[in-house]
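Make a model of the complete structure from these sequences and hints.
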Amino acid sequence: MAPTDYLFVFAQAHEEFRVPELRSISELNGFEIGFSRYVDPGELAEAVKRPFMVLELEDDEHARALAKRCILIKSIYEFYAQGSTYVEVHEENRRVRSRWERYIPDTSFKFTVTGYNHGLSQRQQRNVIESFSYMDFLGKIDMKEPEITLGVFEEYEKDRRPDGQRHTDGEFRQAYFGRLVAEGTARSFIKMFDVKKRDYFGNTSMEAEISLLMANQAQAAPGKLMYDPFIGTGSMAYTTAYFGAYVYGSDIDGRQMRGKAKTPGIIRAAAQYGVANRIMDLCTFDVTHNPWRCGGLFDVIITDPPYGVRAGAKRLGRKKVREDRPLPSPRPNPDEAYIPPTKPYELSALITDLILFSRYLLKPCGLLVFFLPTVTETYEEVDVRTALCEGMELVANSVQGFGSWGRRLVTIRKTTMKCYPAPTFSSAGGEHVPAHKDFREKYFKGFKKESGE
Amino acid sequence: MVRLITHNLLACHVKGCTSNNFPLKFQDVQIELQEADFNPDMITNLLPRLEWGALVDAARLVGDTSLPPEQPEMMDDDLLRKLHHVLLEIHVVEGVMICPNCSHSYPISNGIPNMLLAEHEIG
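Chains as they are written, first to last, in this note's numbering: chain A, 384 to 836; chain B, 60 to 182.
I should point out that these hints are in silico values taken from the structure, not numbers from a laboratory. Here a beta-carbon is modelled for each residue, glycine too, at the ideal position from N, C-alpha and C. Keep in mind that the hints are not guaranteed to be accurate.
Claimed, not checked - Reference listing, derived: stretches of chain A covered by chain B, where coverage requires no fewer than 3 residues with Cβ under 8 angstroms from a Cβ of chain B:
hint: 1; region: 421-431
hint: 2; region: 591-605
hint: 3; region: 733-741
Unchecked claim - Here are the simulated SDA-like cross-link-like pairs (lysine to any residue), alpha carbons at most 20 angstroms apart as the crow flies:
hint: 4; chain 1: A; residue 1: 726; chain 2: B; residue 2: 107
hint: 5; chain 1: A; residue 1: 645; chain 2: B; residue 2: 107
hint: 6; chain 1: A; residue 1: 643; chain 2: B; residue 2: 103
hint: 7; chain 1: A; residue 1: 746; chain 2: B; residue 2: 166
hint: 8; chain 1: A; residue 1: 801; chain 2: B; residue 2: 107
hint: 9; chain 1: B; residue 1: 74; chain 2: A; residue 2: 723
hint: 10; chain 1: A; residue 1: 726; chain 2: B; residue 2: 125
As structure tokens, this is what we get:
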């Protein structure tokens, strides 16, 4: 069966995350999405800046599966027509009569007319609806529970015209018309996972939208086992567990996982979402000295590694070791809680190690999903490519920009079936110096270059 | 937490302790049973990575003898459910895990094991 055109209405945020989220969820559900109107990568990059896109799917069911899970989807319509004027829209709509003529005889319906970046008066809405009367629908108009909803959208360029005046009705960039197939219900998860409403969180907790996007890049689903080696306050665990996965977490700092109460904070927060039972276990250890018995354990490794800014990125070990003095004797007082010395963990070494470690710990075809902070001015794609190792391939790389710096949600797939030995966590720099090297120092210098450069 | 599946995946990682470092021996344990939803796919996915002998021994130590001593060729629904119970529903909330080789002791408190190593143990 030939694929059908669908009109997608997207949220206008996290534009670079839009296509990776769609691809990830369609892959999880075992179907494909056609992007044939946006073959050129430049066209696609421009298209994701706008709220409307026309994509191809095999079936209404696929549209429903996407709308249920992708948080950037507001709604999906079966696509009938678009145009820069209503004359164009009606011309195209008449051409595709075979798509909507089945609803003519006796289907109850309603029309909605929505302006994007411009409010439409009731009068204008009525005029627009009237202009579709040639469709000759004989069924009842039902504003409450119609069998079908026909949606008209007018996309205006920006809030105001270049001269500062409000738009005139009808001076839109593009209008679209279609039949509602699915409302985007996944957007309600954003409120549900709001960090401020959570029973346990900290200043490094990831905001709800982003932890949901990560859970979607991770293709979290029942039967899957995930691991966050820098779990902190558990932000990624709640969303992935909510979608059915079991999650392991570890952190060098047990206090981040526990909080102050007897029941560990992460478990209390997980209970809020009904997923305490899918937190498999939490362990205190340094990932560079980890106790996993073997590799090939996890479907996904999902994490927001410490950048060294709000939380110091540390690993076990001493900063400076004096050759001429012996190390202090271990555990002077066995009854005192022992806090081993730690040293800073430079970010580019951490990232390279994380990718090597994931290759070892992931099952074949497993995914690594993580955030990489970077400096906007000096970032290049090669920064990510040089951190990869054999058998680990880049799937997606989307930036959330904050001006002079940004963080990139990177998805990497383990494509190798080979068994690799456990990594040694001793990455030194390669020839290429990525923008994220010494990120912490750059952050505190405000990303200003050294004088003389 | 600590579930027996986790105990089955952890080995002693003190520098130089590379043989007879698994499984860790439980001591002074306090157990809690917590129900978990049965998902047969989850249990089937965990099977290839399990060390069956170590699992059976750990289960016995905490008072569960439902599993056969040898991993069976075929896993029927009944056995998957028993495995589900042993792997996921028995929680060691307090106690210690001790390495049979180097005797390093990993304490468990409120269900979270502390597996940080001392300075001289990371080399």
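How the hints compare with the structure:
1. Chain B is given as covering the region 421-431 of chain A, and this is violated because 0 residues of the stretch bring a CB closer than 8 angstroms to a CB of that chain, at least three being needed.
2. Note: the region 591-605 of chain A has 1 residues with beta-carbon separation from chain B under 8 angstroms; the three-residue rule is not met and the coverage is violated.
3. Figure legend: the region 733-741 of chain A, annotated as covered by chain B; annotation inconsistent (0 residues with Cβ-Cβ distances under 8 angstroms, at least 3 required).
4. Taken as a hint, the residue 726 (chain A) and residue 107 (chain B) pair is broken in the structure, with Cα atoms around 37 angstroms apart against an allowance of 20 angstroms.
5. For the suggested pair residue 645 (chain A) and residue 107 (chain B), the alpha carbons sit about 35 angstroms apart, so the restraint of at most 20 angstroms is broken.
6. As the CA atoms of residue 643 (chain A) and residue 103 (chain B) are separated by approximately 37 angstroms, the hinted pair breaks the 20 angstroms bound.
7. Proposed proximity of residue 746 (chain A) and residue 166 (chain B) is contradicted: the alpha carbons are some 29 angstroms apart, above 20 angstroms.
8. Our distance criterion of 20 angstroms between C-alpha atoms is met by residue 801 (chain A) and residue 107 (chain B), whose separation comes to about 16 angstroms.
9. Taking the CA atoms of residue 74 (chain B) and residue 723 (chain A), the gap is about 15 angstroms. The hint holds against a cut of 20 angstroms.
10. At roughly 46 angstroms between alpha-carbon atoms, residue 726 (chain A) and residue 125 (chain B) are farther apart than 20 angstroms, so this suggested pair is violated.
Checked against the numbered hints given earlier, this structure breaks hints 1, 2, 3, 4, 5, 6, 7 and 10; the rest are met.
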